[in-house]
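Enquirer: Given chain A, work out where chains B and C should sit, using these hints.
Chains as they are written, first to last, in this note's numbering: chain A, 7 to 134; chain B, 77 to 259; chain C, 5 to 515.
Just so you know, the hints here were simulated from the structure itself, not pulled from any lab data.
Note that CB positions come from ideal geometry on N, CA and C, so glycine has one too.
There could be a bad hint or two in this list.
What follows is a list of derived Cβ distance ranges for each label pair [claimed, not checked]: (1) C:400 / B:177: 33 to 39 Å; (2) C:65 / A:79: 28 to 34 Å; (3) C:213 / B:253: 50 to 56 Å; (4) C:319 / B:190: 38 to 44 Å; (5) B:236 / C:65: 19 to 25 Å; (6) B:200 / C:291: 53 to 59 Å; (7) B:163 / C:400: 43 to 49 Å; (8) A:37 / C:21: 48 to 54 Å; (9) B:215 / C:400: 57 to 63 Å; (10) A:41 / C:17: 54 to 60 Å; (11) C:213 / B:213: 15 to 21 Å.
Which residues of chain B face chain A? A partial, calculated answer using Cβ under 10 Å [what the hints assert, rightly or not]: (12) 223; (13) 224; (14) 235; (15) 239; (16) 247; (17) 248; (18) 252; (19) 253; (20) 254; (21) 256.
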Amino acid sequence: MAIRLSRRKIASYYADELIAGRDIVRSLAAYLVDSRRLREIELIVRDIESALADRGVVVADVTTSRSLTDQAKTAIQTYIKATTGAKSIELRQLIDDDLIGGVKVAVPGRELDATIRHRLNLLKATKV
Amino acid sequence: MDYSTSFNTFANAAADPEKTGILASLGIDWMLLAFQTIAFLILVVLLGKFVYPVFVRIIDERQEKIDAATNAAEQAEQTAAAAQEDVAKLLKEARKEASAIVATAKDEANAAIEASEKKAKSRAEKIVADAHDQIEKDVIAARKTLHNDTIDLVAMATEKIIGKTMTGAIDDKVIAAAVKEAK
Amino acid sequence: MAELSVTELSKDLRDAIAQLEVAGDLETVGVVTRVGDGVAWVHGLRSAGYSEVLQIETVDGIVEAFTLNLNEDEIGAVLLGSDEGVSAGAKVTLKGTVLDVPVGPELLGRVVDPLGNPIDGGPAIKTKQRGLVEREAVGVLGRKHVHEPMMTGIMAIDAMFPIGRGQRELIIGDRQTGKTAIAIDTMINQGRQKTGVINVYVAIGQKLSKVARLVERLKEEGVMDQTIIVATGPSDPASLLYLAPYAATAMGEYFRDNKQHALMIYDDLTKHAVAYRQMSLLLRRPPGREAFPGDVFYLHSRLLERSAKLSDDLGAGSLTALPIIETQAGDISAYVPTNVISITDGQIFLETDLFNQGIRPAISAGLSVSRVGGDAQTKAVKSVGSHLKLGLSQFRELASFAQFGSDLDEATKSQIDRGQRLTELLKQHQYTPAGVWEQVASIYAVSEGIFDKVPVAKIKEAQTALLTRLWTDHKKDMQELNKGGEKINGDSPFAKLIEKAAKSVVKGFED
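This is chain A alone, in the form it adopts within the complex (with noise of 0.2 Å):
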């Protein structure tokens, strides 16, 4: 039996592949499905991308109550610039409801919550 690779591992093959421009959807699930490591599908996903995010390419989950405007995205690409040093960003935008307002900007491990929602639950956890 070969040896179970980490996922650590796998993410950073297939980040390197990515940036070298190859398609590795039908390669990774083959492996996946060949290694009986199908469940850990969204977990490598997420690797994958913080593999990226070493290597300049930020893939960034940008959640709000209602649609951007291009002002606020411009203003959320100059941000996450600044603060993860990224060559590329490319932004994913989720629109949820339940946030309230403000603006909910998720980079491969970090986040910046300025939802109303999360203050409102800061507020909450204050509770005594």
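Expert: Coordinates of chains B and C only, in the frame set by chain A:
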């Protein structure tokens, strides 16, 4: 009677050589006197040898008995005195002991009383302290509830009000501010 | 006294609104991938360190956890609260600290959980300092040999197996043999003798009703003001049971480091090891003997090593530990008991048989030992107690011989008689710890044979009488004797006092 006759004869005989006249006149016969003297001496010897010792022994024995009796009496007296002394000593000791026991009992009783008094006192104090504690705890609990209720209220109010007043323009401002402020 | 007021309400409101205005920063986050049985597995948070506190966001607020497994791909963390609200996908952030608890004199008289939160219904505890839960023990140069006595007030222990300040003395025995009773008496004695020693009692998975009764008792005895109780119940998560002794030791160390003396009571370490075993198995660490993980020795050795007598340079404070271990059917060769026996500086072994014979405390003279306490014994107790142990163990041997009914010579008989009286004397009711002078007077009266005429059954009565007599008649002397600085032998004036009083007491008890 025999004796007197022979004594007389003996006396006559003894007085004879010197003053036969006086002796004879007194009727003392020297021979008889001598004879009687010898008989007397023999009698003395015999008595001394056989009779007196018996008497002496009897008397000695009696004396001894008397002495013994006296001794016994004395001893009895002494024993009696000693006994009395012993009794006195025992009594004294018994009294001492009794007082020791009583003292111990008293000590114990005192200790017991003290302990129970102390217990009662501390119990009373404890009841008071417990009551105070309880009141304080209730106040603290009430405070806590108030605090939590306040927070809930603020959170709920904020959620409702912001939910209604939030518009795209305001949201943009909030987002811009957040991104600017965040490090 | 606490008061409710409108000002307070408005302050609460203001604080709440101010809290809303705090904007977030970019935080390092991870995500919960699996959760169950009090253990959460976290993805991300690569910068997390060992034993660092994590905060998991849940619907009902924040649940804390601390990391114990750091793997290449994920972190295993043990939850410090209920795992009910924690779900897979929950956000995890680093708190930025390793585990610490509030420490300081503000904790005295309180009952807290292992995180330092009050559970006695009292006000919140605000201390100036916090202490690390996992802290390294003092090194060689920071230590001094154990030389001051830690009087337990139990004659059998103080005379035969003395404990010194800074010592670790194990209390071991089956269930229901009076292990906790010894510990509690020791705490009470600290109050009675006004030694100023701070008690820290750690209940590890103990029934909370038992803890409540203990608190009640300590309050009654007036010792609660110098006591901290760290309590965990059987229904608390294993993580809290695991943390309890370390957190409590941190609280005790505060006093040790501030030139004071503290006494730790871990009740009991068997349950602690079991809690740790549970955590380890859930964290998938390989099980070893009796399914305990490999580091169960280190678990207890690093805990008990923190008890020490500090050198003069460090203030000469001390931390004494009385860990308790429960055995099964007297088996002291099980895994955890042998470990702790080898770690500690001696043990007090309690036997079920003795307990059932009415010899309480049921201390086994043969199996108990104190390896360092001898130097710490006061001269007075040492002088009367030196032959006690030998005499008692000889008596036990002879007594078993005598059971065969053979004819005994006078010497043996008197040895047995003396032994019986000593055994009787060492019986002691719970909650009646004895001071130095009481111990010295009692033991002297019996071991010198003054009480030989008192029937065995009346020894305790005679002892009480003697002590009351001595206290009422010679209070000053007894207070002097209580300092324990003088040897007690035939020539000392104290010995003469005791002898005289004992002789007069005996008269009341002769047949």
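Enquirer: Report holds or violated for the interface hint on residue 256 (chain B), using the least CB-CB distance to chain A and a cut-off of 10 Å.
Expert: 8 Å, holds
Enquirer: Return holds or violated for the Cβ distance of residue 215 (chain B) and residue 400 (chain C) against the range 57 to 63 Å.
Expert: For residue 215 (chain B) and residue 400 (chain C) the Cβ distance comes to about 58 Å; the hint holds.
Enquirer: Does the closest beta carbon of chain A sit nearer than 10 Å to the beta carbon of residue 224 (chain B)?
Expert: 5 Å, holds
Enquirer: Given residue 223 (chain B) was flagged as interface, is its beta-carbon under 10 Å from a beta-carbon of chain A?
Expert: 6 Å, holds
Enquirer: Confirm or reject the claim that residue 213 (chain C) and residue 213 (chain B) have a C-beta distance inside 15 to 21 Å.
Expert: 19 Å, holds
Enquirer: Could you see if the CB distance from residue 65 (chain C) to residue 79 (chain A) stays within 28 to 34 Å?
Expert: Holds - the Cβ-Cβ distance for residue 65 (chain C) and residue 79 (chain A), about 33 Å, lies within 28 to 34 Å.
Enquirer: Taking the CB of residue 41 (chain A) and the CB of residue 17 (chain C), does the distance hold inside 54 to 60 Å?
Expert: 57 Å, holds
Enquirer: Determine whether the Cβ-Cβ distance between residue 163 (chain B) and residue 400 (chain C) falls within the hinted range of 43 to 49 Å.
Expert: 47 Å, holds
Enquirer: For residue 236 (chain B) and residue 65 (chain C), compare the CB-CB distance with the range 19 to 25 Å and indicate the outcome.
Expert: At 21 Å between Cβs, range holds.
Enquirer: Less than 10 Å between beta-carbons is the criterion; does residue 235 (chain B) satisfy it with respect to chain A?
Expert: 6 Å, holds
Enquirer: If you check the beta carbons of residue 213 (chain C) and residue 253 (chain B), does the distance land in 50 to 56 Å?
Expert: 55 Å, holds
Enquirer: For the hint on residue 253 (chain B), does the least C-beta distance to chain A fall short of 10 Å?
Expert: 8 Å, holds
Hint check: no violations occur; every hint is consistent with the structure.
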